[in-house]
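Sequences and hints are given; from them, build the entire structure.
Mapping of the sequence shown onto mature numbering (1 follows the signal peptide of the UniProt record, and there is no 0): residues -26 to -1, 1 to 1004, in sequence order.
Quick caveat, the hints were computed from the structure, so don't treat them as lab data. Hints are not guaranteed to be accurate.
Quick list of in silico lysine-lysine cross-link-like pairs, DSS-like style, CA-CA up to 30 Å [unchecked claim]:
1) LYS274 to LYS312
2) LYS537 to LYS573
3) LYS274 to LYS471
4) LYS471 to LYS312
5) LYS603 to LYS573
6) LYS200 to LYS312
7) LYS119 to LYS95
8) LYS612 to LYS546
9) LYS441 to LYS200
10) LYS168 to LYS148
11) LYS480 to LYS439
12) LYS480 to LYS406
13) LYS24 to LYS200
14) LYS537 to LYS319
15) LYS751 to LYS678
16) LYS148 to LYS200
17) LYS24 to LYS119
18) LYS24 to LYS168
19) LYS66 to LYS148
20) LYS573 to LYS376
21) LYS341 to LYS537
Nothing here was measured: the structure is a model prediction, and the numbers come from that model.
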Amino acid sequence: MNYKQNRLRKLFTCSFLTLISTPVHAQIIPDKTLPKNSEIKLEGNRSIIKGGTRAGSNLFHSFEEFSVPTGGEAYFSNGADVSNIISRVTGKSISNIDGLIKANGNANLFLINPNGIVFGKNASLDIGGSFVGSTANSFKFADGKEFSAAETQTTGLLSINVPSGLQYASNSGKISNQSQVTDSEGEVVGLRVKPGKTLGLIGGDVSFDNGTVDAPDGRVELGGLKDEGTVGLSRDGSNLSFNFPQGIERSDVSLSNGSQVDVAGNRGGEIAINSRNVQIIEKSSLEAGIKEELDSIDTKAGNIDINATEAIDLEGGGIISDSIGLGATAQGGDINIKTGNLLVKDAKVSTLIFGGGKGGNLNIDAKDIQLIGTSGDGDSPSGLFAQTDSDLKGDGGNLKIKTNTLLVQDGAKVSTRTFGAGQAGDLTVDAKDIQIIGTSKNGNFRSGLFTEPVFDPKGDGGDLKIKTNTLVVKDGAKVSTSTFAGSKGGNLTIDAKDIQLIGTSKDGVFLSGLFAEPFSEDSKGGGGDLTIKTNTLLVKDGAQVSTNTFGASQGGNLTIDAKDIQLIGTSKDGDSPSGLFAEPFSENSKTDGGDLTIKTNTLLVKGGAKVSTRAFLESKGGNLTIDAKDIQLIGTSKDGSFRSGLYTEPFSEDLKGTGGDLTINTNTLLVKDGAQVSGSTFGASQASNLTIDAKDIQLIGEGKNDRFTGLFTKAESGTTGDAKNLFITTDRLLISNGATISVTNDGTGAPGDININASSVQLDNGKIEADTNSNKKVGNIKLDIADLLLMSNGSRISTNAGVTETKGNGGNITINIPDGFIIATPNQNSDITANASEGNGGRVNINATGIFGIAPLSLKQLSSLRPEDLEPGELPTNDITAVSQQNPNLSGTIEIDVPENPTQEQEELQTDIVDVSRLIEQNLCQASQNSEFVITGRGGIPQSPKETLETDAGWEDWRLIPFKEKTTAEIIQKVNKSEVKIKEERPKKIVQAQGVTFNSNGEVVLTATPNSSEPLNSGLNALNCHNFAG
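See below:
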């Protein structure tokens, strides 16, 4: 240590010893600038301040220095009729106050020192009125007068008015507070004013370092200016308030190291902060509201208003709270925050109600909001809260957020939850961009937006409304109006340009998504509705949108209006599909699931994702309705466990459980690679009806684990419920590569019916089935087709019964295509069957212009071709059958109505063997001993039996338009490239020839209208056998 440092150390030590050995006196020195100057009288550690200049009820003091050391006291000895003590410091030193400032009566005390004011750990106040400490240059009055600390000349006439403002110069001094003074009960109160009074610290920068201010039922104002300007001062009864100018840079306010601002009381005080930046860190707090046990519903707590032009930083256990205490009944105060950037990390902003009445509202207006993490110990989430936790029916306040960007991350929350008997408040978010991400480090808390009623069945949830450009919810985060314990959940409404819901929590426990789910055994509760309006909705990797209901509560409706919807994949562990869900899970038959309604341009569901209103146990599933321009359902999950698709399936062992109906209205519907549309049943309940209206439907291929693609309202194996009906209206229907349309009953119930109205139907290794294993009602298939039914590669249309040798009857198949054709590619085993094992065969009715490549097959013919099992599906030919495989007498009928079809009358052929040679005349001209055959005219027969028939005249082409047969590979390639289009113009109607005429060349022409004249006589003589040598 050098000589200089050693000397300074000795000097400091000596000075310190002198301070502790010398009596403490306040360092208060009056100046000589008033008409009647201030006077100081010392009494021990006490400095009594007398004199000063009166102006009405105002008393003015002016000091060169004003400080109160530790243990000292500055006592303003004013008269009881003084309302305002207005004091200034005109010197160059900071006011260091570490003792008591006291005044008589109820006078307000104003102190300005442009150099700065420091309140030490032992600083305290004992005044009857309000206290304002400021580093402004001067007081301004309404009458235009000014009381300045910067002017050194003698002040003239002083104002009798209350100060109306504080005038600032540039770079005003700072105000700091470290006061930790306690009251008689040991509670830290710091700088305290009497109840209902104001404590204002208006800088320069204002900082608290383990400092406290207390104004029970009063008002605390903190703030300051950095540049020149005037802060207005208003009076409302006993409270003072400050009005900060716009457009002038403000100073900063900070609370650290456990600092506290408290205005709570029996009436509840107010806190106002106006600054550039606000920092509340290290377990510091702002607290307002009503204390415990007050019972006055007419009492309203004051507000907390924070206006920070740049940023508010709330970290490290920081708290801003306005609450109604336990057992109290009152109206809570609001918290209003306006700032550029708001950061809440390991901290909270809350309006809470622990008693009766109604909690205050929380309003946030910021350019950027970040809510991050939990408390340091991980036991509570950071965030914004307007919650109620009371048995006294205290309702929570509303929470409103207006921002450009909102980030909620790592377990933080925005919540209007209710934990008691009160109604939860509404949550409204208006933002350009919202990102809600992840869970807490310990996995106990999900980041999210919540209006959930939690424990008490009497407390209903509030509504949650979001308006934004983009909403991202991922990694287990959640937006929820779900309800618990029998209460009713609020509605969730989202209006966004883009919504992305992605993934699960890291441990896979929590699914990201939007939820309005009731969890309750009380039927009085119910889920709210979930409504989404957006341009694009992406739900992937296990995320979900859900109004599922659990217990006895009614599920809410899920409604989505979007230009584009993509539902993709499952969670990483493969256990949870992405999708849209309105599924009831209940043992209460009175519980209904909500309806799910989608309106969109494009709907893509792939990788095992789902859209579902499935019903479980005894509950009733809601209806699923989709109105879209384009729907694509593709594939299964990676392991094949989940099939992409649309579902209204009931899973119930009780007849009381039923599924809702499934209705689709679209231009194009593509279902491929194992995806499906299903209203099938898996229990005793009835399957759902399925109705589809589309211009183009393509069902293609199989998925993993032999998952069939298709449309289903069937009853699965082992069930006792009935399959339901399937109605399709379309221009073009393609079923290929193993895809299926099925209302089959593989259980013991009845199958459904299939009704298809189409311009064309193409089956390329595709199936349309209404089979049954039971002996109940038969399933029927009706196809009304305008142009063409094309079958190839083992396709099948069937209403078979008794696959397991039951006595059920085969169903009916009606194919009505009066102006078109049925074409089957030869020898590719494509069948139309209405067979039965032991019961009656069904009935096949076909009405077509022409049938090519497929023909009826009788039981006798089938017996000769396949005697071992009478199974036409094992034959290479294309067959139409309606047989009873065990009882020939019970075979059904096949009626085919085709113009000039010799089989259409269904006449029984005689079974006697006839020698046909006796029916043929062996010599046509026995009279002349030789046979002759004379040909007159042109054409009609070939010149030789070995030649083909050719005409020497013109021919009018009345044949069908040539049909180019394509391979399966060609068809699939065209589908995959989206080259297959529906031809809007139908070919001209083909009719039977009704008349015959001759053209100018003497050629025979068939006409569509009958002849109006008598038949012409050719004038030819009868055939003369002698003119043709035999």
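*Within a Cα-Cα threshold of 30 Å, do LYS480 and LYS406 meet the stated pairing?*
Between LYS480 and LYS406 the Cα gap is close to 28 Å, so the pair holds against 30 Å.
_Hinted pair, alpha-carbon criterion (30 Å max): LYS573, LYS376. Please report holds or violated._
Distance of about 29 Å is within 30 Å: holds.
_LYS441 and LYS200 were given as a pair; does the straight-line alpha-carbon distance stay at or below 30 Å?_
violated (37 Å)
*asked:* Check whether the Cα positions of LYS471 and LYS312 lie no farther apart than 30 Å.
replied: holds (26 Å)
_LYS341 and LYS537 were given as a pair; does the straight-line alpha-carbon distance stay at or below 30 Å?_
Holds, at about 29 Å.
*asked:* Does LYS319 sit within 30 Å of LYS537, going by the straight-line distance between their CA atoms?
replied: Judged against 30 Å, a Cα distance of about 37 Å means the pair is violated.
*asked:* What's the verdict on LYS480 and LYS439, does the C-alpha distance respect the 30 Å limit or exceed it?
replied: Satisfied, since the Cα-Cα distance of roughly 28 Å is no more than 30 Å.
*Does the alpha-carbon distance linking LYS612 and LYS546 stay inside the 30 Å limit?*
holds (10 Å)
*Take the C-alpha atoms of LYS751 and LYS678, compute the straight-line distance between them, and say whether it is at most 30 Å.*
Distance of about 33 Å is beyond 30 Å: violated.
*Is it true that the CA of LYS24 sits at most 30 Å from the CA of LYS200?*
violated (34 Å)
*Given hint LYS312 paired with LYS274 - CA-CA distance at most 30 Å*: Holds. LYS274 to LYS312 sits at ~22 Å (cutoff 30 Å).
*asked:* For LYS274 and LYS471, compute the direct alpha-carbon distance and say whether it is at most 30 Å.
replied: violated (40 Å)
When held up to the earlier numbered hints, the structure conflicts with 3, 7, 9, 13, 14 and 15 and fits the remainder.
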